[in-house]
Structures are given as C-alpha cells and as structure tokens.
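Participant: Here are the chains, one letter per residue:
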Amino acid sequence: MIKSDKTEKDIIKRFSGLNLNIKLYTMVLALVAIWIIFSVATDGNFITPRNISNLLRQTTVTGILAIGMVFVIIAGQIDLSVGSLLGLTGGIAAILNVWYNLNGLVSIFVALIIGILLGLWNGWWVAYRNVPAFIVTLAGLLVFRGILIGISKGYTIAPLSTDFQFIGQAYLTPSSGYILGVVAVFLVIYLVLNSRKTKAKYNLELPPLWIDMLKIAILIFFIGLFIFILNLYIGVPLSVLILLILMLVFSYISSKTVFGRRVYAIGGNVEAAKLSGIDVKKITLILFALNGLLAAFAGVLLTSTLNAASVSAGQNAELDAIAASVIGGASLSGGVGTVFGAVIGALVMASIDNGMSMLNSPPFWQFVVKGMILLIAVWVDVISKNK
Amino acid sequence: MSEYILEMYNITKEFPGIKALDNVSFKVKRGEIHALCGENGAGKSTLMKILSGVYPYGTYSGEIFYNGEKLILHSIRDAERKGIAIIYQELALIKELSVKENIFMGNEPNKNGIVDFDQMYINAKKILQQFNLDIDPNTLVKNLGVGQQQLVEIAKALSKSASLLILDEPTSSLTEADVEILLKILKKLKENGVTCIYISHKLDEVMEIADTVTVIRDGKTIGTDSAKNLTKEKIISMMVGRELSQLYPREKHFIGEVFFEVKDFNVYDTKIQNRRIVKNVSFKLRKGEILGIAGLIGAGRTELVSSIFGSYPGKWTGDVYLEGKKIIIRNPSDALKYGIAMVPEDRKKEGLISLMSVKENMTISNLENYKKNLIGTINENRELLDVKDYIKKINIKTSHFSTQVKNLSGGNQQKVVLAKNLLSKPKILILDEPTRGIDVGAKYEIYKLMFSLAKEGISIIMISSELPEILGISDRIIVMHEGEKKGEFENKNVTQEMIMQCAIGGRSNND
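Going down the list, the sequences are from chains A and B.
End of the first sequence sits at 387 in the working numbering; the numbers just go up one at a time, nothing left out.
End of the second sequence sits at 511 in the working numbering; the numbers just go up one at a time, nothing left out.
So that you can see chain A by itself, here it is in the shape it has in the complex (with noise of 0.2 Å):
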C-alpha cells in the first residue's frame, strides 16, 4: 500500500516537472506574496484590471531584454550593453521617424537590423577574437550611448507618427482578445493530445491522462483569467501580447531545439562542448546577435510607448535585465536559467516599482528594495544549494 503511494508520487513528480522547477516556483510565490502585499497596502488598488495592465506594460521592456539576457547568462557570458543598445536602437528609429518622415514599420525594420548588426558585433570580439564579455560589452555600453548623443544633438525627439505609436499603445478590443483566448486554447489541447499520440508512437512511457486533463485545465483557467481582467479594462495590450509571443517563441527554442541544447551545453561545461563538436564560436555570435535584436525590440517598444526618444532611455535597463534573469534562476556561472523565470523575474521588478510608487514611497526606496530582492533571491538558491 505504502510502495504504491510512493511510486504515484513519483509519476506525479516526474510528468508534471514539479521536482526540476522548485527554483522557479518559489519565484511565483514570491510574486504573488509581493502582490498581496501591496493589494492590501493600497486597499485593493493594486490589483484593479486598470493597474494590472499597467503593470503588465511596465514590466514589457525589461521582460523583453531579460529573455535576451538570460540566453546570454546560460552561456555563461554577460552583455552589459543592453541598455545603450535599447537607447540607440530606439533613438535611431524615432529620427529616421520623425526627422526623415519615414514610415513607422521602415523604421522599426531599420531599427531592428541595426540592433542585429550591433549584437554581431559584441559577438564578433567576444567569439572571433577572445575579448572578455564583460569588456566588450562595457565598452559597447559607452560607445553605443555615446554615439546616441552624438546622431541626437542631445535632444529628445518627438512626435511619432501614428503607426509607430501603434505597437507600444495600442490594445486588443475585448472581442479580438477573446477570439485569441479561444485559438490559444485549442492550441493547448492540440499540442498535449498531439505529443501523447507521438509518445504512444514511440512505445515510450505515458504520463495518466488525468496529469494532461489537469495541465490544460490550469492553463485554459489561466489563459481566461488574463484576458477576462485585462478586457475589464480597455484590453490586452499589444505591447503585452509582443512580449508574450517572443517568451513563448524564445522558451522554445531554449527547450526544445538544438540551438537551445548547445547553448545550456556551453554554459555548463565549455571545454566538454568542444569536444562534442559544438562550434562554441558561432553560437556565441548568434546569441550576441539575438540579444541585440531583442534589445531593438524592446528599444522600439520604449520609444513607441513614450512617444520619444531621449539620450537616457533605457539607462541602467542592462542591470534591470541581468537582476530579472537572475531572480528568475539563471545562475551566471553559466548552464542554468530559464526565459519563463527571467520573465517571471522582470515582473517582479516591475512590480516593486509600480506597487511603490503607488504608495507614494520617495523614489530611492525602490532601488533599495530592488537591490535586497535580488541579493535574498540568489541568497536563498544557495542556501537550498547547500542543503
């Protein structure tokens, strides 16, 4: 009876990766203890649909860059230039927007490459020619601010034309957020009936069905609950859904493809990666390359959001992003993190800043409690480390 017990607990704790993800839950916990907090320090002002979609906006432009980042941290690199990354990027694009009349999405296109083609080149030294990333990309943190206030004047510019605004202001109507709601959820039902199928293909073992039944429930009820709140107050919005796809897209190339694999192989052990025929090179170029692609996204994002672009945008946004991954579980020994955990930890950031400055805390606070999240976050992993 007692053996029985025991060997279902294991299947449960198999299938359903409760054993691999304890870092990450105590996350979401952690989360929804700060939450609660400030749902009762604001008398429930905190949790309207109002400020939860707020929320969800503020923590977009840090989510973007941690998911970014924390591929970099996996690979046991660092980019700490991120930040100047996002201000140029974005500068770029409201100049050729607003100074050369140029269209929106040109300009967003132009913005992109160019954050591609600035990843390549932190890349190129850090792979191609052995430059610590650290220093490449401290020195592309300076260079890259600096020619933002050099093609800028200095000045902050401003106005957008309307379909840059777009992307960073626009929402869902309640209609089209439920039609997404309901697609996402077939897609759920489709990809678990479709892996079972697949597993029972390969003769492999199957997790109970009541494991999946569950799995789709809590996903169906979460996917409801957000678009249901979100649509009480205007809708999803765009920026939100952005940051969603990119998580969704970049989780799975982390888990599930083998660029993904090569990269966790890297982090954890390089000289084994070597040796297994890894192109250790290459990758690391391409992963510069995605965190400045990702770094424009998110520049343009900022830029669109504000309607402007100024000198200091995103100034310090690469410490925000390194903290968000590294609460989220990356380790910056390298092999370890996940995309879900740095998202999970760029809205913990956010919600410490938007729940203080709700309680009209004096600004400095937030810095200091940041700070102290980040450091009791890593404190915690290594005592549960040690155990």
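Think of the hints as simulated: they come from the structure by calculation, not from any bench.
Among the clues, some could well be false.
As the list claims (entries may be wrong) - Straight line, CA to CA, 30 Å or less: simulated DSBU-like cross-link-like pairs of lysine-lysine: (1) A:Lys215 to B:Lys252; (2) A:Lys197 to B:Lys392; (3) B:Lys252 to B:Lys393; (4) B:Lys406 to B:Lys392.
Stated by the list, open to error - Here are the simulated distance ranges between beta carbons: (5) A:Ser357 to B:Asp78: 33 to 43 Å; (6) B:Asn10 to A:Val192: 46 to 56 Å; (7) B:Leu97 to A:Lys201: 55 to 65 Å; (8) B:Gly58 to A:Leu332: 29 to 39 Å.
Cβ atoms here follow ideal geometry from the backbone N, Cα and C, with glycine treated the same way.
Got chain A sorted already, so can you dock chain B onto it with the hints?
Facilitator: Frame of chain A, contents of chain B only:
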C-alpha cells in the same frame, strides 16, 4: 600512549536519501601505512572527509579518538592544528603562485604581518631537499608536471608538521616513475614516524607499501588485516564482494585490414614556440583492432590523439588517411563527421556537462541526427528511445535518464561519456585513460564493452598509463617516450618490463 593513533567507532553519515557510511569502525596504528580500499562510492572519501574536518563534528554520528583523546573537529583548520593533513585526488594548489608560496599557504613566515619571502624560500628548499626533490621553490606551480605538483602538495602537508597524513588516490595521475618517487617518500616518512592513510585503487602499490589494509564496501567495513596475510585477489574479492575470475576479459575478435593511418605527426607546445611535444609519429590502425598507446605522462600521447581528433589548442602538422583517402580534420566536429570519436582524459573537465541530465549528455554531440524540422526542433521521443537503449546496453546505473550526471558514480559517468561517443556511430574510438579513477567492477564492464565494440568492427585507440591494462586489452602496442614513438609490439609474449624499458627511452621491438 595507546598503540593506535586513530580510532573511529560506529561512524554513520547520511546524505539525503543515502547512507554513505553505516556503522564504520576504523583503527590505525601509530607509524604504519594503512591502506583503505574500496570501490568508488564505497565511502572511503566520506570517511576521510569526516576525519579531516570537511564534515564537522555533529554532522555524523559515532566517536573518534585521536592519540587516545576524543576528537572534535569544527573545520579543516582544526584538523590541521591537530596534525591531520589530507591530500586530495584533485590537486588543491594555486597554479599562478610559486611552489614556496603554495607550501606555506596559510602559515607564511612573517614579521609583523609582512611576509618574509627569503625565509620562506629557505624553508621550502629545506623541505624539498629532504625528499631529494629537485624543484626550485620559485617555480610557478602551473609550470610543473602533474607528478611534481602532487609532490609539492605532500611537501605542503609536511610543512604543517602533520603526524597523520591522508592521501586520497595520490597516484591516479602519476606516471610509473613519479609513483616510485612517491612511494619512496612515503617509506621515508614512515621511518620518521609519520602515520599514513593511503587510499588507492592500485592494488600493486597497496601491496608494496601498506602494513595494514582495510576494505570498505557500500559504507560498511568489510575487514581489516595485515597486508602480509592478503593477496591482490583477496582484496579485490573483498572490494567487489565476488570473485573476479579474470581482470581482463580478453575475447577473440577478427582484425581486418589497415584502414586508418597517421603519418609524420608533429605537435607543438602551446606556449613555447618550436618546442615539439610529438615528434614525427606515424602509425597504422586495422579494422576492429585495439591499439594501446603506452608511455609516461608527458610523453605526448594525449597531445597526439587530441591533434588527430582536432581538439588540440596549439599548432600541429601531419597527415591522416582514412580508407586510403587523405582527410583534413580541423576541429572535433570534422572528426565526428568522419566517424572518429574521442573519450577525453579528464572526464569532469572535458567529457561531461555536470549540470545536464544523463540523457542530454548522451546526445549532445549527436543532436543533428534528431532534428525534425528546419528550425532544429529535437525529436525528443527518438532521442529518448536511443538513450534508454544505451542505458540498458552498457548498464549505466542511474535512477532515471533525467538524473543530473553529477549525481552518478565515476564509473557510470564514464559510461555516459562512452555512450555519448557510441551514439555518433564511430568507426574509430579514441579512449584516453578510459578507466582512470573508476572502480574495479566498472572497469571490468568497460573492458567487456571495448571487446564487443572491436567485434563489431570498431577500431579502438587506447591510451593508458597502467601497464597491466595495456597488456591485458591491446592487440598491438605502441610506446612513446618524450614525443617519439619508441617501440611497437604485437601483443604476444610482451612483458611489462619490455614496455617500461621502452617508455623510459630504450628502443626495442618484437617484430
């Protein structure tokens, strides 16, 4: 004073889920060399970590008496103060510092807090001379060979006037010559009244120097006896709990034609230009043949094979022919494409990604084969089938394929590295010290596997520093000395002495 310098009674130490030590008792007489034997994972290292303060008092149960007094240690520092020094399998020297600084690390001779380097030099010199070690105390440790580093480590322990010295696998990375020096030093230390606990897999050494032998298995003491009453075979059977009829399960296999050839290989030092580590080495390999490469450490064996495999960081020249055609291998990825796989010497550093699972480690060099679309999605079902297949085939003992590989024992880790290389379906498998630091049982299984691969027609190049292994496994043997190929033997009536002669520089051939 009691006859025993150390008495450990009923020591039990538990880790989450495992009882690493179960009521172990262990007594060491004053002034003896006491060998502690057991398979990997038997609990030897855990026991020694308790004794040296790594696991402090209170984290285990049981009692320890040292010089008749109850021993309570809160840190490694405590143990050192009592005269207990431990030398680990992995070297704990700081490579960028000099020999003298390493020896006196933590107790530097000083005046008012300012280090007296002259005094340090003189003291270091004295200690080194005591053991006829011709090492300049000002040399940086990184410029010493592994063997000399090990000796420096011992000098370091002695500078702290240790009266109980624990050596954990001290010879696992030493050449025969360095082993000789080490054993001599240990005998000399014994004359000076130092007590020694000697942990080793190498039973020849144990039989040579130990006065007493204790065997532990699965966290329990199996027995303690005077070395005179024991034989190698007896110790092995105590260690593995079964009689090993044969250490080397030689099996007949068909050997085909020459199909791989290495010509005029020269490998250059990564630091000193124009210094050749491998000099004009050529050899041939036949299909299904096991070619042993013997030699002392520093003979250039690892450099030779890593150059062939494309992973050597420095410059090399030479030609490689596969099935009569010249091939060019620029990096490991090229080598794998041609069907050449290599299991590197240093499993932890170069073979395994310890944070990753057994499954992920096994398929990492072979992921291309599991791509199922253009963006490179891994077909995880197919991957899993292969992984399960190999776990079964080569008997990897792991609770689950998603277990992190760092939680496996040394032997099973090595099997994971082997599986990884076999999954790439190689024609040639290079094994660099394939059984280093793994226990007798796992060794036996790896030998078995090598023979079954040879039967399938896979050719194997095996580097080994253990002569019995070279003789027990190889079909043909080449011997290297200071970068040159000094000898080549068909493995018939070859003796360890013949190979040793060759490895230290004398030329000889039997065909």
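Participant: Run every hint past the structure and note whether it holds.
Facilitator: These are the hints, each one checked on the structure:
| no. | hint | verdict |
| --- | --- | --- |
| 1 | A:Lys215 to B:Lys252 | violated (55 Å) |
| 2 | A:Lys197 to B:Lys392 | holds (25 Å) |
| 3 | B:Lys252 to B:Lys393 | holds (20 Å) |
| 4 | B:Lys406 to B:Lys392 | holds (19 Å) |
| 5 | A:Ser357 to B:Asp78: 33 to 43 Å | violated (52 Å) |
| 6 | B:Asn10 to A:Val192: 46 to 56 Å | holds (53 Å) |
| 7 | B:Leu97 to A:Lys201: 55 to 65 Å | holds (59 Å) |
| 8 | B:Gly58 to A:Leu332: 29 to 39 Å | holds (33 Å) |
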